[in-house]
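*Asks:* Sequence:
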Amino acid sequence: MSRRNGVRRARGSNCADQSRGCCGCCLRDFGGVRLRAADARGQGAHHADDDAVPLRRTRSARVGGVRGERLTSIAEWAAGDWPLRADLLRIEADAYISDARAGDRSLPTRCPPWTIDDITKHVAATFHRYVELLRRSRTGDFRPPFNPEDLAEENLRAVREFSGDPISSACEEVARFISLASDPAEPMINQRGTIPVGLQMCFGINEFAIHHDDVAAASGNSYTPSDEVVGVLSETWHALTGGETPSSGTDPWAWILRASGR
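Residue 503 is where the sequence shown starts when you use the working numbering, and the numbers rise one by one after that.
Note that these hints are calculated values from the structure, not bench results.
Glycine included, each C-beta is placed from N, C-alpha and C at the ideal position.
Wrong hints could be hidden among the right ones.
To be verified - DEER-style ranges, computed between Cβ atoms:
(1) P614 / N723: 30 to 38 Å
(2) P615 / S728: 26 to 34 Å
(3) S749 / G666: 39 to 47 Å
(4) D643 / A756: 37 to 45 Å
(5) G745 / E663: 32 to 40 Å
(6) D643 / S600: 30 to 38 Å
(7) S724 / E651: 29 to 37 Å
(8) P650 / E746: 14 to 22 Å
(9) S724 / R645: 38 to 46 Å
(10) T743 / N723: 21 to 29 Å
My request is simple: use the sequences and hints to build the entire structure.
*Replies:* In structure tokens form, the structure reads like this:
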């Protein structure tokens with residue numbers, strides 16, 4: 503893949519994640535190829551409110567490894583020492599973009615009514631939401647963006663109203679989120695409550711991994727991420743399902759796909 507077609511690190515940064523069903527996209531909104539330079543020529547990639555980044559507020563230790571002012575509680579499922587795996591997010595984003603742009607982007611997928619191009623619009627819009635929610639959380643505003651049960655409707659709306667080139671935008675939004683995320687324990691708002699940034703990044707890894715399989719399935723193929731990625735996603739799903747794990751002898755990636763509604 504050329505240097506113009508992948509996810510780049512944001513310029514000047516020191517960078518080191520849905521409800522079941524496809525319109526609720528892969529989950530309850532979780533979260534070998536190196537990332538390359540994004541094609542960020544302005545085709546829907548830049549947003550006017552992306553320029554001024556509020557400084558992070560003074561932090562204090564909180565329950566579940568999450569720190570931050572005005573944080574009164576965190577869902578038990580989200581508590582824990584979540585990693586900040588920007589490296590795995592880059593790998594999964596780059597692999598997805600490479601395959602999504604290589605084939606017929608008008609093919610229907612198992613996420614009706616979406617085509618491959620629509621799924622790419624979805625991941626671009628999803629990461630734009632991650633960026634906006636992290637920025638808003640840093641101002642002390644921890645209001646959920648919408649109710650958890652409205653996620654599917656929100657995803658459909660975001661794809662319907664999307665403009666610009668989805669591949670360029672997806673590359674840019676992922677790079678922007680990675681450039682902002684530096685502390686895995688920093689609190690940020692999510693539709694399901696306040697969660698650590700590290701967990702939101704796990705959601706993002708899940709977005710690309712599961713939707714990559716959706717894209718591959720559209721042309722009769724399948725996608726399996728690395729064992730390391732599957733391990734991170736297994737921990738994420740273990741938390742989200744209230745402690746469920748694959749039964750003995752069950753392939754963990756197949757279990758994740760089934761848990762996501764595939």
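*Asks:* S749 and G666, beta-carbon distance inside 39 to 47 Å?
*Replies:* holds, 44 Å
*Asks:* Take a look at whether the Cβ-Cβ distance between S724 and R645 falls inside 38 to 46 Å.
*Replies:* holds, 39 Å
*Asks:* Tell me if the beta carbons of G745 and E663 are separated by a distance inside 32 to 40 Å.
*Replies:* At 37 Å between Cβs, range holds.
*Asks:* Given the hint of 26 to 34 Å, is the C-beta distance from P615 to S728 inside that range or not?
*Replies:* holds, 31 Å
*Asks:* When you take the CB atoms of P614 and N723, is the distance between them in 30 to 38 Å?
*Replies:* Cβ of P614 to Cβ of N723: about 19 Å, so the range 30 to 38 Å is violated.
*Asks:* So does D643 sit 30 to 38 Å from S600, Cβ to Cβ?
*Replies:* holds, 36 Å
*Asks:* Take the C-beta atom of D643 and the C-beta atom of A756, compute their distance, and say whether it sits inside 37 to 45 Å.
*Replies:* Holds: the Cβ-Cβ distance is about 40 Å, inside 37 to 45 Å.
*Asks:* Given a hinted range of 21 to 29 Å, is it respected by the beta-carbon distance of T743 and N723?
*Replies:* holds, 27 Å
*Asks:* Is the distance from the Cβ of S724 to the Cβ of E651 consistent with 29 to 37 Å?
*Replies:* At 30 Å between Cβs, range holds.
*Asks:* Could you check the hint for me, namely that P650 and E746 are 14 to 22 Å apart, CB to CB?
*Replies:* The hint (14 to 22 Å, Cβ to Cβ) holds, given that P650 and E746 are roughly 19 Å apart.
Against the hints set out earlier in the document, a violation occurs for number 1 only.
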